[in-house]
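Chemist: Chain by chain, the residues:
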Amino acid sequence: MNKDYFLFALNSLKSRKLRSWLTMLGIFIGIASVVALIGLGEGLRTAITSQFGFLGSDVLTVQAAGIAFAGPPGQAVSKPLDDDLAKKIERVRGVDVAFNRQIESAAMEFNDQQQIVIVGSVPVGENRKIFERMVNLQAAQGRLLTENDDRRVLLGSDFASDEQFGKRVVVGTRVLIKNEVFEVAGILEEKGSFIFDQSAFLNEDVMDDIFGHTKTADTIAVKAKNADDIPRLKEDIEQLLRKERDVKEGEEDFTVESPQSILESLDSTLFAVQLFVSIIAAISLFVGGIGIMNTMYTSVVERTRQIGIMKSVGAKNSTIFTLFFLESGLLGAAGGIIGIVLGLIMAYGLAAFGRLVLGTELIQAQVSWTLILGALLFSFVLGTLSGLLPAVQASRMQPVEALRT
Amino acid sequence: MNPAIIIYSVQHVIHRKLRSWLTVLSVLVGITAIFALLSFGIGIQNYVVQLAEEAGADKLFLTAKGIGAPGTDGNFFVVENDVDFISKINGVKDASGIYIKAGEITFKKQKKQTFVLGLDMSKQRFVENALLVKLFKGRSLKENELDKVVLGYNYLVENKIFSRALDIGDKLSVNGRTVEVVGFYDEIGNPSDDANVYVNYKTMETIFSVNTFGYVILQAHKGVPADELAERVQDKLRKFKNQEKGKEDFFVQTFADVLQTFGSVIIVINGVLVLIALVSIVVASVNIMNTMYTAVLERTREIGVMKAIGAQNRDILLVFVVEAGLLSTLGGILGVVLGYGIASAGGAFAAASGFASLQPAFPAVLVVGCILFAFMLGAVSGYLPARQAARLNATDALRYE
Numbered sequence: 176m177n178k179d180y181f182l183f184a185l186n187s188l189k190s191r192k193l194r195s196w197l198t199m200l201g202i203f204i205g206i207a208s209v210v211a212l213i214g215l216g217e218g219l220r221t222a223i224t225s226q227f228g229f230l231g232s233d234v235l236t237v238q239a240a241g242i243a244f245a246g247p248p249g250q251a252v253s254k255p256l257d258d259d260l261a262k263k264i265e266r267v268r269g270v271d272v273a274f275n276r277q278i279e280s281a282a283m284e285f286n287d288q289q290q291i292v293i294v295g296s297v298p299v300g301e302n303r304k305i306f307e308r309m310v311n312l313q314a315a316q317g318r319l320l321t322e323n324d325d326r327r328v329l330l331g332s333d334f335a336s337d338e339q340f341g342k343r344v345v346v347g348t349r350v351l352i353k354n355e356v357f358e359v360a361g362i363l364e365e366k367g368s369f370i371f372d373q374s375a376f377l378n379e380d381v382m383d384d385i386f387g388h389t390k391t392a393d394t395i396a397v398k399a400k401n402a403d404d405i406p407r408l409k410e411d412i413e414q415l416l417r418k419e420r421d422v423k424e425g426e427e428d429f430t431v432e433s434p435q436s437i438l439e440s441l442d443s444t445l446f447a448v449q450l451f452v453s454i455i456a457a458i459s460l461f462v463g464g465i466g467i468m469n470t471m472y473t474s475v476v477e478r479t480r481q482i483g484i485m486k487s488v489g490a491k492n493s494t495i496f497t498l499f500f501l502e503s504g505l506l507g508a509a510g511g512i513i514g515i516v517l518g519l520i521m522a523y524g525l526a527a528f529g530r531l532v533l534g535t536e537l538i539q540a541q542v543s544w545t546l547i548l549g550a551l552l553f554s555f556v557l558g559t560l561s562g563l564l565p566a567v568q569a570s571r572m573q574p575v576e577a578l579r580t
Numbered sequence: 338m339n340p341a342i343i344i345y346s347v348q349h350v351i352h353r354k355l356r357s358w359l360t361v362l363s364v365l366v367g368i369t370a371i372f373a374l375l376s377f378g379i380g381i382q383n384y385v386v387q388l389a390e391e392a393g394a395d396k397l398f399l400t401a402k403g404i405g406a407p408g409t410d411g412n413f414f415v416v417e418n419d420v421d422f423i424s425k426i427n428g429v430k431d432a433s434g435i436y437i438k439a440g441e442i443t444f445k446k447q448k449k450q451t452f453v454l455g456l457d458m459s460k461q462r463f464v465e466n467a468l469l470v471k472l473f474k475g476r477s478l479k480e481n482e483l484d485k486v487v488l489g490y491n492y493l494v495e496n497k498i499f500s501r502a503l504d505i506g507d508k509l510s511v512n513g514r515t516v517e518v519v520g521f522y523d524e525i526g527n528p529s530d531d532a533n534v535y536v537n538y539k540t541m542e543t544i545f546s547v548n549t550f551g552y553v554i555l556q557a558h559k560g561v562p563a564d565e566l567a568e569r570v571q572d573k574l575r576k577f578k579n580q581e582k583g584k585e586d587f588f589v590q591t592f593a594d595v596l597q598t599f600g601s602v603i604i605v606i607n608g609v610l611v612l613i614a615l616v617s618i619v620v621a622s623v624n625i626m627n628t629m630y631t632a633v634l635e636r637t638r639e640i641g642v643m644k645a646i647g648a649q650n651r652d653i654l655l656v657f658v659v660e661a662g663l664l665s666t667l668g669g670i671l672g673v674v675l676g677y678g679i680a681s682a683g684g685a686f687a688a689a690s691g692f693a694s695l696q697p698a699f700p701a702v703l704v705v706g707c708i709l710f711a712f713m714l715g716a717v718s719g720y721l722p723a724r725q726a727a728r729l730n731a732t733d734a735l736r737y738e
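One line per chain: the protein sequences are A and B, in this order. Start counting the first sequence at 176; every next residue gets the next number (the working numbering). Start counting the second sequence at 338; every next residue gets the next number (the working numbering).
Extracted from the complex, chain A is given alone in its bound form:
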């Protein structure tokens, strides 16, 4: 293609500055809002899913199925997992270890303030090390729990700030959990996940003491000998549990999930929300496209004579078509570029503002190159598509009649 085509299209846009600007305005408002919203959504999704991405790839979690969204594992469950189930799971071929975990809620007091926190158990005996490695438990201050820590508690990293109790909790201080005094043995490294950062950990036997031993498990953690076995192990354990709990396939009252599958289902929910918002934002792009079509039809009519002259000196239909087609494509692309720049500013600006106002690190913007290139391509395609009909109309004009107007 000749670069003259480009120059011609560019010049004709320049000679109608106001109209070109107005048309582009429509596109760039649309592109800016779509880029900003997708960028914010993407960042939020990454931030939320990273809250759950802490377990290794060789781990499965078994839970009794309760009522959806009714609380932490083991709550709102009618038929809890038996506490001897872990031993049976351990006998499945390919399973390295399986152990019970208890998850409870309790009132915790410090600095004369009370909060309801989640208390999780740390297994005792040889499973302790395995658990610590499984979830990569590391103390930022103090130390992890040991076998005889009957009166000691391990806290998530959020307690090290004054946000929870109005005062920082430090190693060695005393806190009340369920009205019992515990000394803080250590504070965990920040994991970026509220599941760990806002929880308290006690030795399993201590939890049994203060919450009462229930002969049930809230979740069972399973570690495979080999990460490749996970899909097969999931099926084998499901089969075992179906037999143990006397349920048919498809009616399971329990779940066996890998961290990946939990992440995937969470991610797809967030994606659906993001998609819905983007569709509403994309309506404005559709409207912008209509604007381009409108401008191009006007432009064709205005230049009927010009088209006639070009045709009479030998321009082919395809030449005329290309000229108008390029012009509308340029309109779209130029609007797209400005829109992307504005969208970037909006996304990062809004995210910074949101973090400042809401005080949560969850609000992040993330604009990928795919999004930028996609938006640019989309705006060019939108421009050309909207210009398609007007360009066809222009190319099909009869030179004689066009000259006569």
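Read the hints as simulated data drawn from the structure, not as lab findings. This one's a predicted model, so the numbers in the text were calculated from it and none came from an experiment. Heads up, the beta-carbon is just placed ideally off N, CA and C, and yes, glycines get one too. Don't take every hint at face value.
As the list claims (entries may be wrong) - Just the calculated beta-carbon pair ranges, DEER-fashion:
1. B:V416 to A:R266: 40 to 48 Å
2. B:A682 to A:I437: 30 to 38 Å
3. B:V416 to A:S440: 22 to 30 Å
4. A:S440 to B:F599: 21 to 29 Å
5. B:V561 to A:G524: 46 to 54 Å
6. B:S546 to A:I305: 48 to 56 Å
Place chain B on chain A using the hints.
Modeler: Here is chain B on its own, set in the frame of chain A:
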């Protein structure tokens, strides 16, 4: 007359129409989105208001703290002794504890997990009123019978909970104990509540051997403001349970508060969506402006002629502003019609998915407001082009080619 001229004029008219239609279309799309979103927002708000009216402004909830769905955290609860104390507090007309437990129900070998609520049927009217349940079919539970249940609405629908629809007299089992269905409550409008199983105290205590309540419903005496009573109950029960201020293991809310929280979350979400949809309205406004600038340019001569025979600037301004306003109004009317269709379809879809409470509402204010908004949008966007037209110099305009 030359046929070519006729063809040309027809083409011209068609083209003019096309451009107008494109402008109308751009307004239409934006108004459709806004109308549909707003109708849902208003519908949900109406639903919240209606719930508040049905339950009455004199109802309160006392809920045990904890994590997860209200009242389901086994580590926090209210006991009968507390309820007795609460019902004696000055200003409390009635109080009744609600048991809530997750249960496994089995019907024709199908198993489901759901909440089972244990109600004090000696206070049937008060309890049913506060829980917003109305009998749909059969009868309510009696105080002293054993192993009878009333089910939520969704059990009446095939394939919603069980593949077969249940009826009065059917037997099912709750945590292994066989019970008989005596009635159904009407649809509440969300899949969770409509899947509830209701039993009386006696049956609840037999099946689950519980003695702790998840929450307590309260009614204020006539003339006692609910929010004042909430504070008083909070204060007295705290002292009764020997808890320090700020360290209670329960909280008291008026029914209006509970609904308000629920309502305002939805309103905020809806508001954000409407704001995003407003972007398309801004783009449509730019389109109108563009179309009108072109129209002014095309009709420069016409304007010159009008001015030459005595039209004033004001008249010209009005002609173009009204033209833009009308184009946009047409888009608004069509947008409202289309938005109505989309919102109704969305409501039907929500109802089919179990969210019968999620219904759009179409008050006259919304319809008229959207159309008026479209007119204003057109008139405002058309103002600058119209001013340009009005300020044209008559002689220059006549000379224009």
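Chemist: Each hint needs a verdict: does it hold in this structure or not?
Modeler: Right, here's what the structure says about each hint:
no.: 1; hint: B:V416 to A:R266: 40 to 48 Å; verdict: holds (43 Å)
no.: 2; hint: B:A682 to A:I437: 30 to 38 Å; verdict: holds (34 Å)
no.: 3; hint: B:V416 to A:S440: 22 to 30 Å; verdict: violated (38 Å)
no.: 4; hint: A:S440 to B:F599: 21 to 29 Å; verdict: holds (25 Å)
no.: 5; hint: B:V561 to A:G524: 46 to 54 Å; verdict: holds (50 Å)
no.: 6; hint: B:S546 to A:I305: 48 to 56 Å; verdict: violated (37 Å)
Of the numbered hints stated above, those contradicted by the structure are hints 3 and 6, listed in ascending order.
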